[in-house]
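Student: Chain by chain, the residues run as shown.
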Amino acid sequence: MEAGGPTSKPKPGEAALARQSSARTSPDTIETSSPLTSERGSTSIADTVVTKIASIAAREVRGVHQLGGGVSRAVGAVTQRVGITDERSQGVSVEVGEREAAVDLTLVIEYGESIPRVAQAVRDNVIKRIEGTTGLSVTEVNIAVDDLYFPGDETPEPARVE
Amino acid sequence: MSELATPRSSDRAALARIALEAALAVGDVVGAEAGPHGAWVTEAGGERLPGVVAVAQADGRYALDLHLIVRPVPLHELAERIRERVVRASERAGLEGALGSIGVSIEDIELLEG
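Here the protein sequences come in this chain order: S and E.
The numbering of the first sequence is our numbering, which starts it at 1 and goes up by one.
The numbering of the second sequence is our numbering, which starts it at 1 and goes up by one.
Please keep in mind that the hints were generated in silico from the structure rather than gathered at the bench.
Treat the numbers as computed from the prediction; the structure is a model and nothing was measured.
C-beta: ideal position from N, C-alpha, C; glycine also.
Just so you know, not all the hints are guaranteed correct.
Claimed, not checked - Label pairs and their in silico Cβ distance ranges:
1) Val73(E) to Arg62(S): 22 to 28 Å
2) His37(E) to Leu148(S): 21 to 27 Å
3) Gly70(S) to Arg92(E): 55 to 61 Å
4) Ala39(E) to Gly132(S): 26 to 32 Å
5) Glu98(S) to Pro36(E): 29 to 35 Å
6) Glu21(E) to Gly112(S): 53 to 59 Å
7) Gly132(S) to Glu91(E): 28 to 34 Å
8) Lys128(S) to Gly46(E): 43 to 49 Å
9) Arg117(S) to Arg71(E): 28 to 34 Å
10) Arg71(E) to Asp124(S): 19 to 25 Å
11) Gly132(S) to Ala93(E): 31 to 37 Å
Extracted from the complex, chain E is given alone in its bound form:
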């Protein structure tokens, strides 16, 4: 048996879904970006989650990368709010042990003007 933590196989998809939902629920986040040729999509069990990539880390946890479209607000503060929300959501789901780093990529900003 490996000394590394061995999260359940479904943890990756569950974390990705929870993180994406949590991020999209943050004010000033308006959408997620699937990326060129769908590079930023997590697919698991027939489920397609555009804008989030979950990748196993060496320590057995999963690193999350969120690719988001947001409103033009201070982005570093917004990114921290997103991370806090993702951490809380994963704790509520009992998946905090599987949660690794949370990368936030601001892919575009949506302006109110035309």
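Pulled out of the complex, with its shape left as it was, chain S reads as follows:
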């Protein structure tokens, strides 16, 4: 399997470029090799679908505390409270083509865990879940570790009554 990627900050559009270049490599072979194409028609998978699967797959790994960078977590906390966004899209960026997908993840990892080991476990699980569920081939999973979580980091909710 070719999928994988560095444990570093994904550059904007990196996933898109990877997907595009990969999709162009062998145009003669792709039509017959994808489980998403049949003689009766083709199947397409929306970005939202891959985003949700990647998010859930990342959270399944022990050592992952949360997804998203500092800003997106702060904004997400507000928007989720008013029901504008889904927590599952936080920290996940995907590019989905007809046969392939690339994923960028931003993680907060629990202090004490091995970052390379958690990152690899996340990458493996994300690839396994996306490929198993959608039939898409995952070309890369880029992981940015944005923060470490220490127990007791949460700010307690302000009391509603005094």
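Once you have looked at the hints, place chain E on chain S.
Tutor: Relative to chain S, chain E alone:
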């Protein structure tokens, strides 16, 4: 007279309705998506069918595109089950000659967790 097949004008709406009903009857399909500004809706004879688009092909048949919300199961297998069901339903309705390609777009997945 054109050499192309000339399906009845109502075949498009009938196929769209049959395909949508067949798709929604497949286990693990939970709904259909009308799309941005209702782009994935077929309207015919006052009937509104959200989540299916039927478009004439060059050969006179109609290509169907289904836009669905499903449960998180292997999606390529589910798409094949949907296509089989649509083909069978169109055969039962005597419309298999008007049925072209069947595109299945998974627009979202519905998770059991909250």
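Student: State for each hint whether it applies.
Tutor: Here is what the structure says about each hint:
1. Val73(E) to Arg62(S): 22 to 28 Å: Check passed, 25 Å falls within 22 to 28 Å.
2. His37(E) to Leu148(S): 21 to 27 Å: violated, 44 Å
3. Gly70(S) to Arg92(E): 55 to 61 Å: Holds: the Cβ-Cβ distance is about 57 Å, inside 55 to 61 Å.
4. Ala39(E) to Gly132(S): 26 to 32 Å: holds, 30 Å
5. Glu98(S) to Pro36(E): 29 to 35 Å: Roughly 20 Å apart at Cβ, these two residues miss the hinted range, so it is violated.
6. Glu21(E) to Gly112(S): 53 to 59 Å: With Cβ atoms ~54 Å apart, the hint holds.
7. Gly132(S) to Glu91(E): 28 to 34 Å: holds, 32 Å
8. Lys128(S) to Gly46(E): 43 to 49 Å: Given about 48 Å between the Cβ atoms, the range holds.
9. Arg117(S) to Arg71(E): 28 to 34 Å: holds, 32 Å
10. Arg71(E) to Asp124(S): 19 to 25 Å: This hint holds: roughly 24 Å between Cβ atoms.
11. Gly132(S) to Ala93(E): 31 to 37 Å: Check passed, 35 Å falls within 31 to 37 Å.
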